[in-house]
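Chains A and B supply the protein sequences, listed in that same order. Residues 2 to 112, numbered by the numbering used here, are exactly what the first sequence covers, in order. Residues 21 to 137, numbered by the numbering used here, are exactly what the second sequence covers, in order.
Think of the hints as simulated: they come from the structure by calculation, not from any bench. Watch out, some of these pointers could steer you wrong.
Here are the simulated DMTMM-like cross-link-like pairs (lysine to aspartate or glutamate), alpha carbons at most 20 Å apart as the crow flies [stated by the list, open to error]:
{"no.": "1", "chain 1": "A", "residue 1": "Lys4", "chain 2": "A", "residue 2": "Glu67"}
{"no.": "2", "chain 1": "A", "residue 1": "Lys99", "chain 2": "B", "residue 2": "Glu35"}
{"no.": "3", "chain 1": "A", "residue 1": "Lys99", "chain 2": "B", "residue 2": "Asp58"}
{"no.": "4", "chain 1": "B", "residue 1": "Lys90", "chain 2": "B", "residue 2": "Asp74"}
{"no.": "5", "chain 1": "B", "residue 1": "Lys29", "chain 2": "A", "residue 2": "Glu46"}
{"no.": "6", "chain 1": "A", "residue 1": "Lys4", "chain 2": "B", "residue 2": "Asp79"}
{"no.": "7", "chain 1": "B", "residue 1": "Lys34", "chain 2": "B", "residue 2": "Glu82"}
{"no.": "8", "chain 1": "A", "residue 1": "Lys99", "chain 2": "B", "residue 2": "Asp74"}
{"no.": "9", "chain 1": "A", "residue 1": "Lys99", "chain 2": "B", "residue 2": "Glu82"}
{"no.": "10", "chain 1": "B", "residue 1": "Lys29", "chain 2": "B", "residue 2": "Glu44"}
{"no.": "11", "chain 1": "A", "residue 1": "Lys99", "chain 2": "A", "residue 2": "Asp32"}
{"no.": "12", "chain 1": "A", "residue 1": "Lys99", "chain 2": "B", "residue 2": "Asp50"}
Calculated from the model, a selection of chain A residues having no Cβ within reach of chain B, i.e. all distances over 10 Å [stated by the list, open to error]:
{"no.": "13", "residue": "Thr31"}
{"no.": "14", "residue": "Glu46"}
{"no.": "15", "residue": "Asn57"}
{"no.": "16", "residue": "Asp68"}
{"no.": "17", "residue": "His77"}
{"no.": "18", "residue": "Ala79"}
{"no.": "19", "residue": "Asp83"}
{"no.": "20", "residue": "Gly103"}
{"no.": "21", "residue": "Ile110"}
{"no.": "22", "residue": "Pro112"}
Label-pair distances were calculated between CB atoms; the ranges are [claimed, not checked]:
{"no.": "23", "chain 1": "A", "residue 1": "Gly96", "chain 2": "B", "residue 2": "Ser135", "range": "40 to 46 Å"}
{"no.": "24", "chain 1": "B", "residue 1": "Arg64", "chain 2": "A", "residue 2": "Asn24", "range": "20 to 26 Å"}
{"no.": "25", "chain 1": "A", "residue 1": "Thr53", "chain 2": "B", "residue 2": "Glu89", "range": "17 to 23 Å"}
{"no.": "26", "chain 1": "A", "residue 1": "Gly96", "chain 2": "B", "residue 2": "Ser27", "range": "28 to 34 Å"}
Since we're looking at a predicted model, the values are computed, not measured. For every residue, glycine included, the Cβ atom is placed at its ideal position computed from N, Cα and C.
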Amino acid sequence: DAKTTQPNSMESNEEEPVHLPCNHSTISGTDYIHWYRQLPSQGPEYVIHGLTSNVNNRMASLAIAEDRKSSTLILHRATLRDAAVYYCILRPVQGAQKLVFGQGTRLTINP
Amino acid sequence: DGGITQSPKYLFRKEGQNVTLSCEQNLNHDAMYWYRQDPGQGLRLIYYSQIVNDFQKGDIAEGYSVSREKKESFPLTVTSAQKNPTAFYLCASRGLAGAHGAKNIQYFGAGTRLSVL
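All chains, please: the whole structure from these sequences, using the hints.
Here it is as structure tokens:
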């Protein structure tokens with residue numbers, strides 16, 4: 002399984018943008034980049050995913066490097082409810098779609 | 021409301037006892053998964069099932085068993101062979117073509133926290 006590397010923790014202020022980086026230098030050409038987040042004592046929830054092009058949805062934006070070896074999850078205006086652990090995961094296009102979770106980035110939002 | 025229901029929310033196990041964690045989904049999803057999460061760690065895959073009456077071992081299947089007799093249900097049994105069962109257990113499901121939501125997104129339940137007495 003291809004591996005991702007994320008900072009252990011990050012901190013930001015409420016109503017400011019947050020950029021969460023992820024390195025995945027061994028990504029294969031058919032791996033999708035998925036982001037999930039986990040609020041305290043809850044199950045993870047899907048945030049966004051992409052393959053090559055940048056993606057936007059109501060929760061966040063995903064910027065993917067041209068060589069696909071890194072990506073950045075962007076929260077445009079952080080709120081206190083965005084405090085969570087964010088996981089960057091590579092998902093193979095074929096097969097059982099098993100997700101391999103690393104330790105993720107713990108995001109703290111200051112009021 | 022469509023979703024995944026895990027029960028109970030908290031569970032205590034005595035020495036030598038088997039316990040079963042329930043996972044039910046009404047999303048009409050074909051694939052279901054069980055993960056284990058230890059404090060401060062990411063999730064690790066225990067078992068998964070892509071279709072009724074079929075399931076495969078994940079990365080840490082020893083000491084656990086599952087069944088998939090119905091599409092909507094995927095119970096996990098933590099057996100007495102699992103020597104360190106204290107953890108947060110999460111169930112997820114994923115739709116295949118035509119199901120609720122985008123087909124390659126996993127939807128998670130709220131989890132069961134298992135402790136040993």
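Inset, instruction - Mind checking the alpha carbons of Lys4/A and Asp79/B for me, to see if they're no more than 20 Å apart? - result: With Cα atoms ~15 Å apart, Lys4/A and Asp79/B stay inside 20 Å; holds.
Legend entry - Verdict on Gly103/A as a residue remote from chain B, using beta-carbon distances over 10 Å: Per Cβ check, Gly103/A is inside 10 Å of chain B; nearest 5 Å; violated.
Inset, instruction - Decide, holds or violated, for the assertion that all CB atoms of chain B are farther than 10 Å from the CB of Ile110/A. - result: holds, 19 Å
Legend entry - Agreement of Lys29/B and Glu44/B with the hint, judged by alpha carbon distance not exceeding 20 Å: holds, 13 Å
Legend entry - Satisfaction of hint between Glu35/B and Lys99/A, Cα-Cα up to 20 Å: This hinted pair is violated, its Cα atoms lying about 32 Å apart.
Legend entry - Agreement of Lys99/A and Asp32/A with the hint, judged by alpha carbon distance not exceeding 20 Å: Cα-Cα ~12 Å, so holds.
Legend entry - chain B versus Glu46/A - minimum CB to CB distance exceeding 10 Å, so not interface: Given that some Cβ of chain B is not farther than 10 Å from that of Glu46/A, nearest at about 7 Å, it is violated.
Legend entry - Agreement of Lys29/B and Glu46/A with the hint, judged by alpha carbon distance not exceeding 20 Å: holds, 18 Å
Legend entry - Given pair status - Glu82/B, Lys99/A, alpha carbons within 20 Å: With Cα atoms ~18 Å apart, Lys99/A and Glu82/B stay inside 20 Å; holds.
Legend entry - Hint consistency between Lys99/A and Asp50/B [alpha-carbon to alpha-carbon, up to 20 Å]: Between Lys99/A and Asp50/B the Cα gap is close to 14 Å, so the pair holds against 20 Å.
Legend entry - Straight-line alpha-carbon gap Lys90/B to Asp74/B, limit 20 Å: holds, 11 Å
Legend entry - Lys34/B paired with Glu82/B [C-alpha distance capped at 20 Å]: Since the Cα atoms of Lys34/B and Glu82/B sit roughly 19 Å apart, the hinted pair holds (cutoff 20 Å).
When each numbered hint is compared with the structure, violations occur for hints 2, 14, 20, 23 and 25.
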